[in-house]
Amino acid sequence: MSVQKEIGMAFVPLLFAGAGFAVGTFFFPYTIPPTLAPYFSLAALACLDAICGGVRAGVEGKFHRDIFLSGFFINSLIAGGLAYAGDRIGVDLYLAAIVVLGWRVFTNLSLLRRYFLTQSQLAKGTRE
Amino acid sequence: MSIFSAPPRSDAWIPPVAVLSAIFGVLAAASLRTQDQIRGEGLLGTRPQQVFSAYNEVRSTVSDQKKKIADLQSSLSKYQEAAAKETDNEKLLYADLQKLQVMSGIVAVSGPGVTVTLRDARKVPPKPSDMSEQEYIQWTNGYHIHDADIQTVVNELRAAGAEAISINDQRVVSSTAIRCVGPVVQVNAVPTSGSPVEIKAIGDPEAIFSGFIMPGGVKDQYAMTDPAMFAIVKSKRLTLPAYSGATPLRFAEIATEKKAEQAQRDSETATDTAPDPLTGDTPTNSATTKSESPRPAKGTP
Numbered sequence: 002m003s004v005q006k007e008i009g010m011a012f013v014p015l016l017f018a019g020a021g022f023a024v025g026t027f028f029f030p031y032t033i034p035p036t037l038a039p040y041f042s043l044a045a046l047a048c049l050d051a052i053c054g055g056v057r058a059g060v061e062g063k064f065h066r067d068i069f070l071s072g073f074f075i076n077s078l079i080a081g082g083l084a085y086a087g088d089r090i091g092v093d094l095y096l097a098a099i100v101v102l103g104w105r106v107f108t109n110l111s112l113l114r115r116y117f118l119t120q121s122q123l124a125k126g127t128r129e
Numbered sequence: 056m057s058i059f060s061a062p063p064r065s066d067a068w069i070p071p072v073a074v075l076s077a078i079f080g081v082l083a084a085a086s087l088r089t090q091d092q093i094r095g096e097g098l099l100g101t102r103p104q105q106v107f108s109a110y111n112e113v114r115s116t117v118s119d120q121k122k123k124i125a126d127l128q129s130s131l132s133k134y135q136e137a138a139a140k141e142t143d144n145e146k147l148l149y150a151d152l153q154k155l156q157v158m159s160g161i162v163a164v165s166g167p168g169v170t171v172t173l174r175d176a177r178k179v180p181p182k183p184s185d186m187s188e189q190e191y192i193q194w195t196n197g198y199h200i201h202d203a204d205i206q207t208v209v210n211e212l213r214a215a216g217a218e219a220i221s222i223n224d225q226r227v228v229s230s231t232a233i234r235c236v237g238p239v240v241q242v243n244a245v246p247t248s249g250s251p252v253e254i255k256a257i258g259d260p261e262a263i264f265s266g267f268i269m270p271g272g273v274k275d276q277y278a279m280t281d282p283a284m285f286a287i288v289k290s291k292r293l294t295l296p297a298y299s300g301a302t303p304l305r306f307a308e309i310a311t312e313k314k315a316e317q318a319q320r321d322s323e324t325a326t327d328t329a330p331d332p333l334t335g336d337t338p339t340n341s342a343t344t345k346s347e348s349p350r351p352a353k354g355t356p
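Chains as they are written, first to last, in my numbering: chain A, 2 to 129; chain B, 56 to 356.
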C-alpha cells in the first residue's frame with residue numbers, strides 16, 4: 002500500500018464525521034434537554050477519543066475491534082458516571098474525563114502526524 | 056514495537072471507525088444545536104452556579120429599578136405640587152390628581168382600617184395509615200392558607216368599602232394578581248411568605264370588622280379547622296405602601312367619544328336586562344327605552 006493511499010485511508014473517518022454532522026444538522030431536528038447537555042458533550046468527546054485511538058491503532062496495524070468497541074463504551078460510561086457523581090457531590094469531576102480524553106486525542110493525533118510525515122519523507126527519499 | 060517500523064497492515068479498522076465517526080458527527084451537531092438553543096433562551100449555562108448568579112443579577116437589577124421608580128415618582132409629585140400653586144385651575148386639577156393617585160395605589164396612603172392576619176393551622180392531623188399520600192394532601196388542604204383564602208379576604212374587604220388594601224406590604228392595585236406559585240403566594244408577581252399573611256385595609260373599621268365576624272362570614276369558615284387561622288384587628292391609623300411595580304399600558308387607550316357612548320349604552324342595556332335581585336324578573340323592553348332619556352346629549356363634556 003502506498004503512502005498516499007494510507008494517508009487517504011486515514012481521512013475516511015473525517016469524511017464520515019462530516020456526513021454525520023450534515024445528517025445531524027439537516028435531518029435530525031431534535032435537541033437534548035438542557036440538563037443532559039453536558040453529558041452529551043462528554044459523549045461526543047469520548048467518541049472523538051475512540052476515533053483517534055482507532056485510526057492510530059489501524060495505522061499501526063494493531064487494531065482489534067473488541068478493544069475498540071469496549072474501550073469506547075466503557076470510557077463513555079466512566080466519563081458519564083464521573084460527571085454525574087461530580088454533580089451530586091459538588092466537585093467538577095467531569096473535568097478529569099475531559100482532561101484525560103482531550104490529552105489522548107492530542108497524543109494520538111500527534112503520533113499520526115509524525116508517522117505520516119516520516120513515511121512521506123521516506124518515500125520521497127529526503128530522509129535516510 | 057514503534058509505529059515507525061510497523062509491518063504492512065489491513066484495512067479492517069476502517070468500517071468500525073467510520074461508523075463511530077458518523078455517530079460522532081450526529082452527536083456533535085445535536086450538542087451544537089442544544090448549546091445554541093440554551094444561549095438563545097438567554098440562559099448563561101446549565102450549571103447551577105451560573106443559573107444562580109444570573110438569577111441574583113436579575114434580582115439586583117429589579118431592586119435597582121424599583122428604587123429608581125420610587126425616586127422618579129417622588130420627584131414627579133414634587134413637580135405636581137409646585138405646579139399646583141400657580142392658579143385655581145391647576146389647584147383643582149391637582150386635587151383631582153391626588154384622588155386618582157390614591158385610588159390607583161401609586162402613592163402611599165394612611166388612615167383608619169383593619170389588619171387581617173391569615174396563618175396556617177397550628178396542628179395538622181396526623182396521616183391515618185390507611186390513606187395514600189395524595190388523599191392526605193387533599194384532606195389537609197383546608198389547614199393551609201392558599202391564594203383563594205387571600206382572594207376571599209380581599210373581595211370581602213372591597214365589598215365592605217375598603218379604599219386601599221395591601222398584602223404583606225404589597226399594595227393591591229387594579230392589575231394585581233394573587234396566585235400560588237409552588238409553595239409561595241405571589242402578589243404583584245412578588246413572592247410573599249405563605250403564612251402568616253398580613254392583609255391591611257384602609258376604610259371604615261367598624262363596617263369592615265362586622266362584615267368579617269358576622270355569622271356565616273369569612274371568620275366562620277375557619278372556626279371548624281382552627282380559629283387561630285383568621286384574626287382581624289381594628290386600627291386607628293395604618294399606613295400602606297405605594298405600588299412599586301411598573302405601570303406600562305401597551306394595549307388600552309382612551310376610547311373615542313362615539314365608541315365610549317356606544318359602550319355606555321351597552322352597559323346600561325345589560326344592567327336593565329339583568330334579573331331583578333328582589334323579584335327575579337327580567338325587565339321589559341319599555342324599561343330599557345326609558346333609561347335612554349336621562350343620558351346627556353351627545354357632545355356634552
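For the record, the hints were derived by calculation from the structure and aren't laboratory data.
Possibly wrong hints are sitting among the right ones.
Examples of chain A residues lying across from chain B (beta carbon under 8 Å, computed) [what the hints assert, rightly or not]: (1) Ile8; (2) Met10; (3) Phe12; (4) Thr26; (5) Tyr31; (6) Thr32; (7) Ala38; (8) Ala51; (9) Ile68; (10) Leu70; (11) Gly72; (12) Phe74; (13) Phe117.
Just so we're clear, the structure is a prediction, and the values are computed from it rather than from any experiment.
Think of the CB as a built atom: it goes at the ideal place given N, C-alpha and C, for glycine as much as any other residue.
Q. Is the shortest C-beta separation between Thr26 of chain A and chain B less than 8 Å?
A. holds (5 Å)
Do the numbers back the hint for Leu70 of chain A, that is, is its least Cβ distance to chain B under 8 Å?
Cβ of Leu70 of chain A sits 7 Å from chain B, so the hint holds.
Q. With 8 Å as the cut and Cβ atoms as the points, is Ile8 of chain A at the interface with chain B?
A. Violated: closest Cβ of chain B sits about 13 Å from Ile8 of chain A, beyond 8 Å.
Review point. Given Met10 of chain A as an interface hint, is the shortest Cβ-Cβ distance to chain B below 8 Å?
Key: OK, holds: Met10 of chain A within 8 Å of chain B, min 6 Å.
#### Entry: Status of the hint placing Phe74 of chain A at chain B (closest C-beta pair under 8 Å)
The hint is violated - Phe74 of chain A has no Cβ within 8 Å of chain B, the shortest such distance being about 11 Å.
Practice task
May I ask you to test the interface hint for Gly72 of chain A with respect to chain B, counting a Cβ-Cβ separation under 8 Å as satisfied?
Solution key: violated (11 Å)
- Is the shortest C-beta separation between Phe117 of chain A and chain B less than 8 Å? violated (10 Å)
| said: So, as I understand it, the hint says Ile68 of chain A touches chain B; can you test that by seeing if any CB pair is closer than 8 Å? | reply: violated (11 Å)
- prompt: Does the CB of Ala38 of chain A sit less than 8 Å away from some CB of chain B?
  reply: holds (5 Å)
Report holds or violated for the interface hint on Ala51 of chain A, using the least CB-CB distance to chain B and a cut-off of 8 Å.
At about 6 Å, which falls below the 8 Å cut-off, the nearest Cβ of chain B leaves the hint on Ala51 of chain A intact, so it holds.
Closest C-beta approach of Thr32 of chain A to chain B relative to 8 Å, hint status:
Hint holds; Thr32 of chain A Cβ to chain B Cβ min 5 Å, cut 8 Å.
For this session: Could you check if Phe12 of chain A really has its C-beta closer than 8 Å to a C-beta on chain B?
Result: Violated. Min distance 11 Å.
Consistency note: the structure conflicts with the earlier hints numbered 1, 3, 9, 11, 12 and 13.
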